[in-house]
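Colleague: Given the coordinates of chain Y, assemble chains P, C and R onto it according to the supplied hints.
Residue numbers (the working numbering), protein chains in the order written: chain Y, 807 to 1147; chain P, 807 to 1147; chain C, 807 to 1147; chain R, 807 to 1147.
Errors might be hidden in some of the hints.
Identical copies look the same in the list; a pair holds intra-copy or inter-copy alike.
20 Å max Cα-Cα, derived EDC-like pairs, lysine to aspartate or glutamate [unchecked claim]: (1) LYS959 with ASP1059; (2) LYS990 with GLU848; (3) LYS821 with ASP933; (4) LYS959 with ASP934; (5) LYS1082 with ASP889; (6) LYS1119 with ASP934; (7) LYS1119 with ASP933; (8) LYS1119 with ASP998; (9) LYS849 with GLU1103; (10) LYS990 with ASP1071; (11) LYS1119 with GLU931; (12) LYS990 with GLU1081; (13) LYS821 with ASP937; (14) LYS990 with GLU1075; (15) LYS1083 with GLU858; (16) LYS1090 with GLU1078.
Just so you know, these hints were derived from the structure itself, not from any lab.
There are 4 protein chains.
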Amino acid sequence: MLYFGSDYQEGAHEKVLEALVRTNLVSSPGYGTDSYSEEAREKIRTACQCQEADVFFLVGGTQTNATVIDAVLRGYQGVIAADTGHIAVHEAGAIEFGGHKVMTLPHREGKISASQIASLVAAYEADDNRDHTVMPGMVYLSQPTEYGTLYSKAELTAISEVCRSHGLFLYVDGARLAYALAAKDNDVLLPDLAALTDAFYIGGTKCGLLFGEAVVIPVHDRIPHFFTTVKQHGALLAKGRLSGVQFGALFTDNLYFTLGRSAVDFASELREVLEKKGYVQPMKNTTNQVFVTLPDEQLRTLSEQVVYGFWEKADSTHTVIRLATSWATTREQMDQLLALL
Amino acid sequence: MLYFGSDYQEGAHEKVLEALVRTNLVSSPGYGTDSYSEEAREKIRTACQCQEADVFFLVGGTQTNATVIDAVLRGYQGVIAADTGHIAVHEAGAIEFGGHKVMTLPHREGKISASQIASLVAAYEADDNRDHTVMPGMVYLSQPTEYGTLYSKAELTAISEVCRSHGLFLYVDGARLAYALAAKDNDVLLPDLAALTDAFYIGGTKCGLLFGEAVVIPVHDRIPHFFTTVKQHGALLAKGRLSGVQFGALFTDNLYFTLGRSAVDFASELREVLEKKGYVQPMKNTTNQVFVTLPDEQLRTLSEQVVYGFWEKADSTHTVIRLATSWATTREQMDQLLALL
Amino acid sequence: MLYFGSDYQEGAHEKVLEALVRTNLVSSPGYGTDSYSEEAREKIRTACQCQEADVFFLVGGTQTNATVIDAVLRGYQGVIAADTGHIAVHEAGAIEFGGHKVMTLPHREGKISASQIASLVAAYEADDNRDHTVMPGMVYLSQPTEYGTLYSKAELTAISEVCRSHGLFLYVDGARLAYALAAKDNDVLLPDLAALTDAFYIGGTKCGLLFGEAVVIPVHDRIPHFFTTVKQHGALLAKGRLSGVQFGALFTDNLYFTLGRSAVDFASELREVLEKKGYVQPMKNTTNQVFVTLPDEQLRTLSEQVVYGFWEKADSTHTVIRLATSWATTREQMDQLLALL
Amino acid sequence: MLYFGSDYQEGAHEKVLEALVRTNLVSSPGYGTDSYSEEAREKIRTACQCQEADVFFLVGGTQTNATVIDAVLRGYQGVIAADTGHIAVHEAGAIEFGGHKVMTLPHREGKISASQIASLVAAYEADDNRDHTVMPGMVYLSQPTEYGTLYSKAELTAISEVCRSHGLFLYVDGARLAYALAAKDNDVLLPDLAALTDAFYIGGTKCGLLFGEAVVIPVHDRIPHFFTTVKQHGALLAKGRLSGVQFGALFTDNLYFTLGRSAVDFASELREVLEKKGYVQPMKNTTNQVFVTLPDEQLRTLSEQVVYGFWEKADSTHTVIRLATSWATTREQMDQLLALL
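Just chain Y, with the same shape it has in the complex (with noise of 0.2 Å):
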């Protein structure tokens, strides 16, 4: 079977996984307070060219939003999402389980704007019975969306002014901030996400780690005693070392660039050979994610020999599916897939 299912179906990368080899047996102290954290932190404050941020590591997406939203928003704030974001459909309530409403915009292509929310907190702020309504605290956007689609550095720019001149607090969930980095279109890079916002996080499950997200706060002590938030809720790793150790490779020689890189390419590729060969591409993006409507006769064919992700029914006739490549796509599949197209 040739596996386009998702970007977490291997392992680690392999230089991320020598250095676990490597490191194994050396002992250190636990929960982050570690040297190789602390040498991974700098080098994503370093990637970020912000010395002063506070980086702590999760360990999985959904766990890595909760933790954060929780400990930003007061009770009696919700935060914004597209309709399509992740906390607002796959995260089975985690975000509610905190105690906290997320307020959907419809989404285009994956994305929200700044007139959307600026029309939010307007609607907000005239509202005589606001004291009645949950208040907007905080913004939520993924990077790639779900929809493998990018926000612009201008886009970016204009919701964080929105953010800010509203005192909302701006969160970028980056679980597949690689694909998004190594984009041919992406002008949003790490000093960017830096400045523009209060919060976000660097994906690793999804982008050559075992597992692991870097939450990137930006202004030091933003989110006071967020370690203890972390650790309340369940995401406090004993080994903290792992996170460091991962990280710190990823952080080397530019491989988490690289290999999002190549992820990308192997998705350009895939979407020229498709519109070559006439198939309907909707929400069609520039990252690691290819959507493809195909017949259902077909499909059933292509489903021998390929694991695909099921997007949503097409017609009665037709499907869309998504095919993910990731950093552990090699030449041979993809030459492989494309024989089957």
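Modeller: Relative to chain Y, chains P, C and R alone:
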């Protein structure tokens, strides 16, 4: 430096790491639906002599406790625990974050008894105002306890009977279970835990894995929709196979038991030497945690060469420390430690 | 000033107040264990033709919704509601505070339909990733709705059937129930609500009482330990007799129905006059809320003499307002209002 | 029957009821925005000699405690209380429902001391693992305590100083505050509470009102968006004027103080008679709760004519009961009770 500070200072046992390396680039589906996870679940069911059991893999101990307890309790119920229990002290309020009170009982050597539990329940049931109070819904034990002590099979059976006759869910935290199972005087085996409890977890993080705890629920579907609760708590690993591969290795060729035995033997040796040399040993036990009272002056010297765990001040000039052996402790490290004492 | 802003602008109906005055210095036990409360519960059971029903008295609507919903749902479940539902908009996130998602459906005249609910559940059940999403566990309706509209017996029966066939708890918010029961075209009586729902509440605050809502749970013990959940939510009145005395008066000599009728008749009269005079009436209904579109200029004049509820801007020069009649509306007030229009 | 079981057995003081009757049909806006509420707030500010104070009216005690504590604490913080504190025992886990741990200290006659609090904070601050534990964020006291005892001004000042020097929010539960203010040996007046605490509440339910508690926050906006938190907790009364009217009457002509005095005088008289007759009085105090130990045989006889509160078994043949006087206790009832003893 010699590290005897805790049992989570190194990575994974070599056989576990080998299994991760060997399977690293194999593709598999996510979230624990892979074949490695299923094989590991089968091995655990077999080891527990409980083919019906549900087995779930979570990442860390606090997370596992919070997730299980929240999944089991209704909103109006609390969980009974020793006042020294991990959930009562060192989980940053994770149980309360889930909305539940930890109803503490005074410990004796880290343990609580069936009669204490029965008395608490009897007092609740006799209270005319019980509807204004938190209803006990569950009992939390740790095996071994935070003091390294063990519940005997007779003690656990008595507690189990009290729980069953009063509708209390019995849950055992096995963060260091390998060190209980390997203790010379232990008579509570995995099948006993399966027979006497409603859920327990087999600790991996402190017992040879990079990370991972296996929740065993002996009666199938005793906790409905637990998968979704795990996801909601941010405790679901995308690459669930990592847990499967690790626990698979841990339950091959008795590794879980042999690595526990190694740590326990070193601890016994240490206790004997301390005894011979006339050191005071409070909270004596038979597992991998060794508590010893030292003059502060001696401690200052020791701390230049040994990482230990501070426990508490014994008096103005003496301190109780904890020296923990683990699966990673070597003969050489032991000899160096003994030479220093 | 003429008050037509809402239905909670005055104290209690005179018969209710008389009952409170008459019993004021009688001593009784607390928390609803008194004889007044028991008598009121019996009267409500009789009115609902449901002798088995559990009846609980709470203080206000938001509190009642939050308490019932939290008592019913398990942690992994959410509640389905119209996007205009009170719990979705005007309860300041009280449902999310309890840990649950409000799963909104687009309303039609304030209502949702059986087929919408069935579709949502079907989509959930067909979703391969449903274990990563919030499980629908309950349906919330309001009768009358926030738009003053009514579910017919046929509509409610269809919804009830969908709920029962999919294990969804059906709950009806009756904050303004008196005005539904008294509406000319209403065919959903109290015994119908008892037969078709799992719980509903009979609103007192907006229908003649100082405060108070009576939760009716037709099947005894359908919500176990609800008393303790009520206490935990801070919704248990120490002087529970106050609710008993008030609801006792309300369910004596058909007072609940006659005071509802008075308000509804005035509202019908108002609608007819508005119709005759050519005013636009959006969201037309048959209960006590009258919506009318006015030119902003006329509104400015009106607002000097009438307190009304702002609803929304119709366009740049017109506004939709709400005029609410209530049990307290008098002939004299009506005549003055009509004269102004 | 003679009712001495508690202080919430009757309705409202006649002057309070008169005010409700007098204003019953006046129309007013809802949610506490009416003029009655504003006047009552002014009277309370004046009584507290604190013109800047925010004053909010809530309905009941458990609700008020849960709402204030949840509004004040951050997710990682807990509230310190006596182990006999109402929030620790008789609120059905309402504080934990809000996500917070109640950190109990052993009481002495129902009270905790500045030095106990200081020790707890010092232990927290000295703990190397404090980031893994719940951070103390607040202190909860009751005045009078659940045992009827009083904090002196010196004791409260000392506690206030500890709180201020460690950033702890000091909150006083005044469910029975009228009976503290009227006690002969009391030296803590309303202005002292305003000067020494961060918030306290003036209890109405047990002190002459149908219901209602007035939260006083001496420093304006010390709890931002508290109105919305009140709404979210289901604690916002639609007809807020009911609280305003009642508290307005309570703070007219010193009614709060005179009705407290009446109850306290009767209690003192009762204590003297019990003393003279040689009864054992545990937990002696100077407010409205009288505790007395009776032989079980005598209690059986008494219970045929007197409603009392069971407190605890003193030994196998004796029981401690509570006899509570209140604003509603009459000379005649007292004489009858005394005749029975």
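Colleague: Are the hints correct? Go through all of them and say.
Modeller: The hints, checked one at a time:
1. In this assembly of identical chains, the alpha carbons of LYS959 and ASP1059 never lie at most 20 Å apart, being 25 Å within a copy and 55 Å across copies at closest.
2. Taking identical chains as interchangeable, the C-alpha atoms of LYS990 and GLU848 are never at most 20 Å apart, the minima being 27 Å within one chain and 46 Å between chains.
3. Proximity of LYS821 to ASP933 under the C-alpha cut-off of 20 Å is found in neither arrangement, the shortest distances being 55 Å within a copy and 37 Å between copies.
4. For a Cα distance limit of 20 Å, the shortest separation of LYS959 from ASP934 qualifies neither inside one copy, at 35 Å, nor across copies, at 35 Å.
5. Taking the shortest alpha-carbon separations for LYS1082 and ASP889, neither the intra-copy value of 32 Å nor the inter-copy value of 44 Å comes in at or below 20 Å.
6. In this assembly of identical chains, the alpha carbons of LYS1119 and ASP934 lie at most 20 Å apart only when taken from different copies (13 Å versus 43 Å within one copy).
7. Taking the closest pair of Cα atoms, LYS1119 and ASP933 come within 20 Å of each other only across two copies (12 Å); inside a single copy the shortest separation is 39 Å, beyond that limit.
8. Taking CA atoms no more than 20 Å apart as the test, LYS1119 paired with ASP998 passes in neither setting, with 37 Å inside one copy and 40 Å between copies.
9. Taking identical chains as interchangeable, the C-alpha atoms of LYS849 and GLU1103 are never at most 20 Å apart, the minima being 50 Å within one chain and 40 Å between chains.
10. For the identical chains of this complex, LYS990 and ASP1071 are intra-copy neighbours only, at 9 Å inside a copy versus 59 Å across copies, given an alpha-carbon limit of 20 Å.
11. In this assembly of identical chains, LYS1119 and GLU931 lie within 20 Å of each other by CA distance solely across copies; the values are 15 Å between and 40 Å within a copy.
12. For a Cα distance limit of 20 Å, the shortest separation of LYS990 from GLU1081 inside one copy, 18 Å, qualifies, whereas the shortest one across copies, 62 Å, does not.
13. When the C-alpha separation of LYS821 and ASP937 is checked against a cutoff of 20 Å, the pair qualifies neither within a copy, at 53 Å, nor between copies, at 33 Å.
14. Taking the closest pair of Cα atoms, LYS990 and GLU1075 come within 20 Å of each other only inside a single copy of the chain (13 Å); across copies the shortest separation is 62 Å, beyond that limit.
15. Neither within a single protomer nor between protomers do LYS1083 and GLU858 lie at most 20 Å apart by alpha-carbon distance, with minima of 50 Å and 50 Å respectively.
16. Taking the shortest Cα distances, LYS1090 and GLU1078 sit within 20 Å of each other inside one copy (11 Å), while across copies they are farther apart (55 Å).
When the structure is compared with the earlier hints, violations turn up for hints 1, 2, 3, 4, 5, 8, 9, 13, 15 and for no others.
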